[in-house]
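**Q** Listed here are the chains, written in short residue letters.
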Amino acid sequence: MSKLPYCVKCGVELDNSANKCVLCGTEVVLSCQEDITPYPKEKAEVSQLNSKFIASMLTIMLAIPNVACFVINMIYFAGVYWMYYVFGGSLVVWMIFIFPMLLKKKRPILHVFMIFLSATLYILLISIAVSGMDWFLILALPISIVVMFLLFIIIFIVDRTKPGKLKTTSVSLTAVILLCLIVEVLVDYYVTANISLSWSYVVAGSIVPVIIFLILLSGNKKMQDELIKKLHI
Amino acid sequence: MLRTVDDKKQNNWFKLDNAAKIYPAANTKRWSGMFRLSVTLKEKIDSFILQEALAQTIKRFPSFNIRMRSGLFWYYFETNAVKRPIVKPDVNNPCAPISWKDNNGFLIRVFYYDKRIAIDYFHSLTDGTGAMIFLKTLTAQYLRLKGFDIPSTDGVLDVDELPQTDEFEDSFGKHANSKFKGRIKENKAYHFKGNKLEGDDISIITGITSLEAIKKLAKSNNATITEYLSALLLYSFYIQKQKDGLYRKPTRLAVSIPVNLRNYFKSTTNRNFSLFLNPGIDTIHGEYTFIEILNQIQYFMKANLNDKVLNAMMSQNVRIEKNMLIRVAPLFIKNILMSIAHKSIGYRPITTLLSNVGMVKIPQKMKEHVSRFEFFLGSAKIYTPFLAVVSYNDTLVLNFTSKIRETEIERFFFTYLIKQGIPVKIESNRE
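Chains as they are written, first to last, in the working numbering: chain S, 1401 to 1633; chain H, 216 to 646.
These are calculated hints, taken from the structure and not from any lab test.
Cβ coordinates follow ideal geometry from the N, Cα and C atoms, glycine included.
Be careful, since some hints might not be right.
[To be verified] In silico PhoX-like links for lysine-lysine, alpha-carbon gap of 20 Å or less:
#1 H/403 with S/1621
#2 S/1504 with H/464
#3 H/464 with S/1505
#4 S/1629 with H/464
[To be verified] The following label-pair restraints were derived from C-beta to C-beta distances:
#5 S/1441 with H/392: 49 to 55 Å
#6 S/1408 with H/436: 48 to 54 Å
#7 S/1454 with H/436: 41 to 47 Å
#8 S/1454 with H/435: 18 to 24 Å
#9 H/416 with S/1435: 40 to 46 Å
#10 S/1486 with H/547: 31 to 37 Å
#11 S/1408 with H/480: 24 to 30 Å
#12 S/1631 with H/563: 27 to 33 Å
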């Protein structure tokens, strides 16, 4: 207890174990770390039981029609497998709504990826069932990959730069334009093997002014207030 | 643990008192109405002896020896005779949310860390006064088991004695008899916004200072300690409000101060018996100095701190509870309505809260073993810093708890005291 640390900025006395002032963040030069800290480091974790319990209940509820359909399919329609549709659909629903309940934190990238996997699997099952592998490879798979990557990019930008609502909307709208362009390219290639863009220009042409408007608006607080005033409900 | 004849005798149940009813309804996975009292002794805590002391103490307190049960219309407490509460090593984030099945169903959590015994209480059980009696009795019993002779005086109860019925009575129901109807209209108050801490983390910033020095400072302004500290707390929020714009709505700033009704009505209950008074200022009138804020708080307290006004407030609350329409609503409907009410109305009229449990008195023989008491409020649903105050001997402990990263309020508060020439020592659970 020879030298007690003080914060030079706030003037408060600090605990022997402190290495910075908690009020202003200034580092303490004199500190002896051997001392017992005023509070333990371990944290109490609140049990996640509840959301897991609800998730498992919903899973069971979702499993019931699947089992029923499986049995009916096996007994009455041996040889014709329509069971795929039910199973794949349930899997996608599960990934979208129940999977995030099992996560402790929000993890949007993982969530999107899991939805992509399940949705692709669902489409694959359908394409096997209707024996149309080439539309799966040329149309379905590329489109779902593109959607996934566009979502990744949006999540990444929003996560990193934390733009406001207006900029987030304009980023998402840009992604919509890109998606339309790619979808048209793929559809054209699949149908005629001859790429000529038409309707996606219409989409782009009508969305681009909106994006420009949103970007201009997002930098103009006065204009926003004016619009809120004139248009409030 | 064996179930003894003694346990079976305690087979009993209680209605929740008037103030207790809101907490189970407002309870969520992320928030519980919790508060903590702790005592720091002069030697390291022996957890085995503490466990034994707890088992003996809890039986003396029928209103603590319970678990939460739900009836068709209301929750109720049922004597938890078969099981025992377990003492645990302390954690970094006190007052974490509670679920009815935790800790063998008990609504208190007893922790130990180094030289400290800490108890987290669910607010339905009791208020600061009752909780302090429990903590003092547990500590005395712990010291007795360690071989010291501690008398049962100064709020320490004798654990071998049978509990008196008035110790667990519902004093609200007994004393609320005002004919006055109506309620003071309270405007929406300013809330300080910050960046929320993650998960169940809670920020604790403790200021340890001298009781005598603060008393002198308060006296030089003709104020009590509670008045002075709540004025300073409100002033700290006022400084932040100034940055956000004084005339920007909401313009009211109010500090909620729990009042111990035992000082105004005859009661020795260990259950809830307190009310909130919300003095404050309105910045629509312009700028305020610290002294002006202090005066506003003092006028309000002088006008309202008497048995007549308090009885009117209490009766109003009891009248809602006694309303036939509310009583016949099934519990789950009550829960939904009360939790919405708590979220929307509960924090509406207040900016912050200051709770002062005052000076802790303990038997002379116990004093040589105790170095200080601490008091913490659980996190608020509005995340902003709330202040809890307790004093023992010459040590005054000021505890800020919040759920936000920012420390502006705490920093302003403590540096203000430093500028008045009062030394403050800071401790924290933050990294």
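**Q** Now tell me, hint by hint, if it's right for this structure.
**A** Evaluated hints:
Proposed proximity of residue 403 of chain H and residue 1621 of chain S is contradicted: the alpha carbons are some 26 Å apart, above 20 Å. With a C-alpha separation of about 37 Å, the suggested pair residue 1504 of chain S and residue 464 of chain H falls outside the 20 Å cut-off, and the hint is violated. Restraint check for residue 464 of chain H and residue 1505 of chain S: not satisfied, since their Cα atoms lie roughly 35 Å apart, outside the 20 Å limit. Only pairs whose Cα atoms come within 20 Å are accepted, and residue 1629 of chain S paired with residue 464 of chain H is accepted, the gap being roughly 16 Å.
A C-beta distance of roughly 51 Å is found between residue 1441 of chain S and residue 392 of chain H, which places it inside the suggested range of 49 to 55 Å. At roughly 29 Å, the beta carbons of residue 1408 of chain S and residue 436 of chain H sit outside the given window of 48 to 54 Å. Hint check: residue 1454 of chain S to residue 436 of chain H, Cβ distance near 55 Å, so the stated range 41 to 47 Å is violated. Remark: the range hint 18 to 24 Å for residue 1454 of chain S to residue 435 of chain H is contradicted by a beta-carbon distance near 58 Å.
Residue 416 of chain H and residue 1435 of chain S have their C-beta atoms about 23 Å apart, which leaves the hinted 40 to 46 Å range violated. A hinted range of 31 to 37 Å for the beta carbons of residue 1486 of chain S and residue 547 of chain H is consistent with their spacing of about 34 Å. Hint check: residue 1408 of chain S to residue 480 of chain H, Cβ distance near 50 Å, so the stated range 24 to 30 Å is violated. Taking 27 to 33 Å as the suggested C-beta distance range, the pair residue 1631 of chain S and residue 563 of chain H conforms, at roughly 28 Å.
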